[in-house]
Amino acid sequence: MIEWGLYNYWVVIFLMMTGLYVVISRGNLIKKIIGLNIFQVSVIMFYISMGKVKGGTAPILEEGVRVYSNPLPHVLMLTAIVVGVATSAVALALVVRIKEAYGTIEEDEIRVIEGEEEST
Amino acid sequence: MIHALWAMISDDLPALQIAMPLLAATLCIIVRRRWAAWAVAMFVAWGAVANAAVILHRVLTTGTISYAEGGWPVPWGIELRIDLLNALVLLVVTGVCAIVLLAAPRSLAAEVPEEKHYLFYTVYLLCMTGLAGMTVTGDAFNIFVFLEISSLSAYALISQGSTRRALTSAFQYLVMGTIGGTFILLGIGMLYMTTGTLNIVDLGNRLAEVGPNRTVLVALAFITVGAGIKLALFPLHIWLPNAYTYAPAVVTAFIAATATKVAYYVLVRFVYSIFRVDLAFEVHRLDAVLLPIAIAAMFAGSLVAIYQDDIKRMLAYSSVAQIGYMVLGLSLANEHGLTGGLVHVFNHALMKCGLFLVLAAVLLRTGSTRIEAFAGLGRRMPLTFAAFVVGGLSLIGVPLTVGFVSKWYLVLGALDAGLWPVALLILLSSLLAVVYVWRVVEVGYFTPPPAGAEAVTEAPFSVLLPMWLLIGGTVVFGVFTSLSVGVASAAARMLIGGAS
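The listed protein sequences correspond, in order, to chains A and B.
Residues in the first sequence are numbered from 182 upward in steps of one, following the working numbering.
Residues in the second sequence are numbered from 603 upward in steps of one, following the working numbering.
Derived by calculation from the structure, the hints in this document are not laboratory data.
Even glycine gets a Cβ: it sits at the ideal position worked out from N, Cα and C.
One or more hints might be untrue.
Here are the computed distance ranges between Cβ atoms for each label pair [as the list claims (entries may be wrong)]:
id: 1; chain 1: A; residue 1: Glu290; chain 2: B; residue 2: Trp608; range: 54 to 64 Å
id: 2; chain 1: A; residue 1: Asn209; chain 2: B; residue 2: Leu1029; range: 44 to 54 Å
id: 3; chain 1: A; residue 1: Leu259; chain 2: B; residue 2: Val812; range: 25 to 35 Å
id: 4; chain 1: A; residue 1: Glu297; chain 2: B; residue 2: Arg808; range: 52 to 62 Å
id: 5; chain 1: A; residue 1: Ala270; chain 2: B; residue 2: Pro1023; range: 43 to 53 Å
id: 6; chain 1: A; residue 1: Lys212; chain 2: B; residue 2: Ser970; range: 51 to 61 Å
id: 7; chain 1: A; residue 1: Gly186; chain 2: B; residue 2: Tyr909; range: 53 to 63 Å
id: 8; chain 1: B; residue 1: Gly665; chain 2: A; residue 2: Ser300; range: 58 to 68 Å
id: 9; chain 1: B; residue 1: Ala652; chain 2: A; residue 2: Leu242; range: 43 to 53 Å
id: 10; chain 1: B; residue 1: Leu1029; chain 2: A; residue 2: Glu298; range: 37 to 47 Å
id: 11; chain 1: B; residue 1: Ala898; chain 2: A; residue 2: Met198; range: 40 to 50 Å
Bound conformation, chain B alone:
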């Protein structure tokens, strides 16, 4: 029975990655009960993780998977194409979706009315559909469609926050996100004009034949700016701090670890698989634009983070800085640099999602995420606060954590490119992370809780478990790097070497 089922679906795994959450989203509306909807979401999300793991294994053993959707032959029909790069991103996205769901019922109960929970899971699954779709598809226009699916559901998720500021933040994100998405659409249109195809591999091959011209340059500009808005690249990050601060805690954990990462993936895919290194970096000098912006992001994000009194907002600004590191890896355009950027997608997802779950726990127990709420938490919520410390160390990039691994490769990449001042700046900006993480640690361990404060107990197990799964991951993958770095560096080699 199981064998028969497996034989039936084993070829269709990439398509199931999109179809399952989409169908389950409608199922969530039908069942209406919050626990049933949660069970459906959990089943699908963990199924998607298993699916992503099988796909990654298959890509590692047999190479790139190409799946013709609906049986239409590939350059004409829509292709789902999974190579090392998106297999890794897919694992990150589905993994985060599934782990965050563990904490969702407890954390949501404090922020969203219970009768709305089933709708929340519906939108959550739709967002997952969009993110997984963007990741697996091999068709440029399809990327835009899935981008909009994920963005529209993300706006809805953010607007569920408990204060009214959530509404204006979601609206601001909607305006900027739509402009970004439309820019990408415009860029894809120009690529279609010059090549007559939308398939990513085909686009890459034909653009290489066409060579540089002004339409292609404009397309590159539109796509870079559009993806830049979506991934909150400084100075296009204006929507991010508000959206992260006022969204429900689990939504922040989910969006922070997936939406910007997938947007980064889209930028990497366009730059390295479609425009390719020759056109993007040698003819059009994309690195000259992105490198200074990335460095500015690293410093601006961290500097602003230091002055935030709301820890959720502080981590949001820290995300802006971390996105700077990723884009820096992209713009170095050598194997080590790109490895650093890609592995940081994996690593940053682990630590930021873990840290935002810490905030979810703090919010659940103290009712606030402002720095005053952290007073004395080191003793009152020891496990939660220890998770914050480990996650914070990882943000700084202390050895034996994942943050160190990414920064190590970024520094190597900068040195390979002969840009030693950049390597120095990476280290300097890490010091800024020390400042903002230390502020919280100091308050947590050395400031006594305010007199007369209510007793605060440790976070519930259902929040602690996902938190420590992720934070534990930052240490495990900081020591055993064969999965993350192995796949990322192979993907980087493929993108840089195989493209020429």
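Here chain A stands alone, though its shape is the one from the complex:
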């Protein structure tokens, strides 16, 4: 059933599920960000492996080389990496502020504090 020739997609799926699981199951906000990063990286891997052409080399004009990998998905992923970095930066900045405001970065403890706030 499993086609091992497509193992790159299995890697992608494994990473993606790992990332999503970490985001959902961990209460620590930093760990959530790490999960989010793994999740984003899986999509980057997906694009990169999509552009690979078997036996192809880097797309640079040279005598005698006819087979190139598709550079477009690789270029797109440069942008996606920037987006990922920006997301992490904003998320980390928020975590710093949350730590200052609540004194904790554990989701369940924050929820307790917020619950007390609401009941008063």
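With chain A held as given, fit chain B onto it using these hints.
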């Protein structure tokens, strides 16, 4: 001089829609003074409205505008492509940006420290850049990039709220928004795998040739779920109530009227221009998924709204319900239904932005948006409260308001599709809106203000003006529908008919 300038820029209007706010955002950081930054933002935002109006006029007279960015020929380079659909959305987005800015200095002063205002305008303009970019672009990957620009700046804007809950709300939105954005990216990747192109028109044509296959189905699923998170489609709306409640009042007004609307536009664009009616609805039965969800959203949103004591949160849940109406229009997949969905983008932006500005005024004068703060406001802030009543009537869908126009087309669409129970459900869910709007109206007019309460005066003119511009709009466009419905129905015809 002016002629020379016009000749220079008149071909580049679509690109200016993105470039101007982006450049102005950096200018805001340089000037540092809050009034100067506000002036820069105002200049650019109203310029963008004029620009959007010219673009809409041009699309109406000469047809779709295609602009090759950087002069690279179209299927290879990035295209900015504006047809009736995004010309309308562009006008909504820029219009809301500009009108909300009018109220920003007064309302922000109560919630954000003054030395941070210039940064606020910077981020505001960046968010506008992302939203306008998503709307004008004709390139699927570009949509993702602009989506992230607008989302990242939206997280920053929301986190400026005056309580610490704003921080956790922004973080929650960030986690969900990033998952949504990444899902869209994944879907676009799969489309690229099957077709080898990222240009939206090209994608549509090639997908029609390729026909249905499993990769395309998975792409459709990822994009629908991703856009669903972004537009807060029930049950993916978890981030929305907190984000709207704890954000600064003007940010709520801005985000509520633009971010979800543009996300809806993206979903419509993907479903109707790329997958097209045959593939999305006849082969893959997207309507069977979206229709029940939309109806559930209409009821769940309204029912929860009834039990909210914070009016800001109540309107946030009402947004969830209204998004249900829009998605219902999309999933009916006929001309009237889609017209209803699209015109509701325009109409809901008017009324929700107006209503959130009412809350901004109430917050400014009473210091709270909880229902107790509304006691006696009918007499103490008559103009503000009258705006709430008119906006509320529009939410319900009373004739002569814009809410009626959208619901009329949605009901027609449901009947066209032969789904009369759906038409009935639209009317029933409107009754729920009566309940939650009436609660506030009752408190405002019939509950006396608490004894010993401080005197509350009418809202300042700078908040009243934008509020009434929008609320007045809900009545004007409820009576004269040629602009909103005219453009929306032409766009719906184009999307359904022209695509085959």
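Item to check | Hints violated by the structure (numbers, ascending) | outcome: Violated: hints 6, 11.
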